[in-house]
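K.L.:
Letter by letter, the chains look like this.
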Amino acid sequence: MEETRKPRRGINRLILLVVLALSVAGAFLFPPIRPHVQLPAEPITSKLFEFLGQDFYITNTMVAVLIADVLLLLIAFAINRQIKQGKSVLEGISGAFAAILEALYDMTESTAGKHAKKIFPYFATIFLLVLVVNLTELIPGVDSIGLLHHDEHGYPVQEIFPGIATLVKSSGETLHNGETELYGLYPFVRVASTDLNFTVALALISVVMTQVVGLRTLGREYLTKYWNTHALKEAWKKPQFGDPMAFIMALIDWVVGILEIVAEFSKIISFAFRLFGVIFAGAVVLFVIGTLVPVFVQSAFLLLELLFGTLQAFIFGILTMLFMSMATQSHGHGEAGDEHH
Amino acid sequence: MDAEAAKLIGAGLAMLGTIGAGLGIGILGMGAVQGIARNPDAAGDVQTNMILGIAFAEAVAIYCLVVALLLIFVA
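As you go down the protein sequences, you meet chains A and B in turn.
Counting from 5, one number per residue, gives the positions in the first sequence under the working numbering.
Counting from 480, one number per residue, gives the positions in the second sequence under the working numbering.
Chain B with its partners taken away, still in its complex shape (with noise of 0.2 Å):
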């Protein structure tokens, strides 16, 4: 196997680790939805804070794109 063939395998390997982003972002998701639920008037609190924890998890999900770009174009 030549060096741009591993090279781009993993690439497509790296990005598996946006499953965990996308688990994160839907427990996320399900904990603000319930809060809405349970409190309508604390909505904008709520969605606010949401927002927040999901760029911090979408951060992580950035971070294996970062290594996979990397890897087709740096490495």
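Chain A extracted, bound-state conformation (with noise of 0.2 Å):
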């Protein structure tokens, strides 16, 4: 058992090494240029219809979706065929996901109670989706391969394989005859939360979806939450000139339930700048250090970008648990007017 363990030890560190000699030698013969970053998403192909009168391409965080959707359908065969078999335990990658899902759940049903199967697919899908599509910012390859385009504030190319150029920093005498061709790129998977359209898009799907789970469970009472009429009906039972304070604190009641309304859209706009806040700013974050020191320094800030990837995603689920259970809790209106009845 020890023979065969030693020589895999030295095989770890000879790869490590050779792995970073070939990245020290890429960063002097290479030296990376800063990506142009632009806030809305690059396009990866040509136009493909017209709609409304808007273009529609593929853009990069289109496919970035697209691979988040198709890891999450792989790994929820792998679980199906698991489940399929008959065991209880799960193995493998299942096991941790069933992992992650249970303590999911142990959280929703804390704070939800009887509502936590109804919210909980909201919070776990929403989850997953962020959880994968912020990790995809740490694979190789991710804003640094694509396709080149003419750019008048580009950078000269240069060949290495057959159909494959990088970006390289320009000297000053390829422009003798002014005529060289400048290109910049576009990637070809982009990360999809710096991209406003997917987190707003997301942001919307949690507030509508807190409104309907409100509403079915609740029904009508659940409007009171915008439309207090049992403040409208305090109000309006003290005598207006016996006791003024009463009336001027049921009136404010009913203009607090008004002003839930606007907290809704401030909840959209808040989920959506949120993610996308912070992984843009991440991602800007990798592209700056990236260049300056092209060895080792990017990989501490690969770590953070794990850290807050992983966060962000399981706070816009926590925060969407959260409006969802406090949605369908009756304000206990219901039960002080019955008393009044």
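One or more hints might be untrue.
Here are the simulated SDA-like cross-link-like pairs (lysine to any residue), alpha carbons at most 25 Å apart as the crow flies [what the hints assert, rightly or not]:
(1) B:Lys486 <-> A:Asp155
(2) A:Lys88 <-> A:Tyr109
(3) B:Lys486 <-> A:Leu200
(4) B:Lys486 <-> A:Leu290
(5) A:Lys237 <-> A:Glu264
Honestly, the hints are just simulated from the structure, not real lab data.
From the two separate chains plus the hints, produce the assembled complex.
P.N.:
As structure tokens, this is what we get:
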């Protein structure tokens, strides 16, 4: 047993040294160019068709979402296959996901109580999707391998393999006839959370489904959260001349109900921009640090991105779950109203 | 002052908003540490709620960062 372990440890160190040497050599031969950062996602196909006057083409964030979907479906099929075999304790990656989902379900049950079954699918789906999408940022090749296109503010290219070229820093001599072709890079895959379309869509789904869950659970009583009829009844009950303080307090309760509508819209904006801001800022930091110090240092920031990506996915999911469980709780006006009747 | 310089100065000024986030996260940390000191058995619950609160406070700093990035890249 000892003899078979020794060469394996040596091999790992050797592989690590070889990869490090290759990366240092690559950084010297082809110094990295800072990628051009832009907010809208870059297209990787030409215009496919026109829809309502807008061009439709496939962007690189769509590719990232498709990759995340395929990965999640594969995991789902793997878990399904193990469950169909009748196992009660799942093995391998299915077991890891079962453990994660069980922890999430316990959290949902402790917050939402008996409505956990309705709320849990939204929480888990949003968490898993955003987690997988954020983790694609760490794969080498994302944001760096893509299509070259003509761009005046770009860089000259140098071919390393037939058909594969890389951007290089321009040296003075190549501009003697003013005819160098400058190129920019459109990556094939870009982290989907850096696209506002993805985050706003998820935020809209989250907030709209919160309303749906509330309406399904409470029925029409859910709308009293916004149009507080109980507060109006309270205000009209007290004689306006005898007790102005209670009248004002009841009116304030009614205005608070109206403000809840504004709060729902601010939730959409807050969800969208929290996820977008964290991941976009992280991507920009990775680009800049990777350009300044091509070897080693970006790895520390990749670790930071791993932490932040997971945390933001969890925050998105758990805030959705919290708002949904708050939506399923009646405010106690029902019971008080019954007493007064 | 041309537009490019004004954009960059604006982006730098926009990041002053992170002072609030830093203060908020510090106050949260203080409350969490005091809570754990009082009741070490509740450390897990306190820590979970602290992380939640920190994510909210940090989101405000991220809004400032988004404004700065918008100024540099989009405006």
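K.L.:
Each hint: holds or not?
P.N.:
Hint check results:
1. Under the criterion of a C-alpha separation no larger than 25 Å, the hint pairing Lys486 of chain B with Asp155 of chain A is consistent with the structure, at around 23 Å.
2. For a cut-off of 25 Å, the pair hint linking Lys88 of chain A to Tyr109 of chain A stands: about 21 Å separates their Cα positions.
3. Taking the CA atoms of Lys486 of chain B and Leu200 of chain A, the gap is near 22 Å; set against the 25 Å cutoff, the hint holds.
4. For a cut-off of 25 Å, the pair hint linking Lys486 of chain B to Leu290 of chain A stands: about 23 Å separates their Cα positions.
5. The suggested pairing of Lys237 of chain A with Glu264 of chain A holds, with an alpha-carbon distance near 19 Å, which does not exceed 25 Å.
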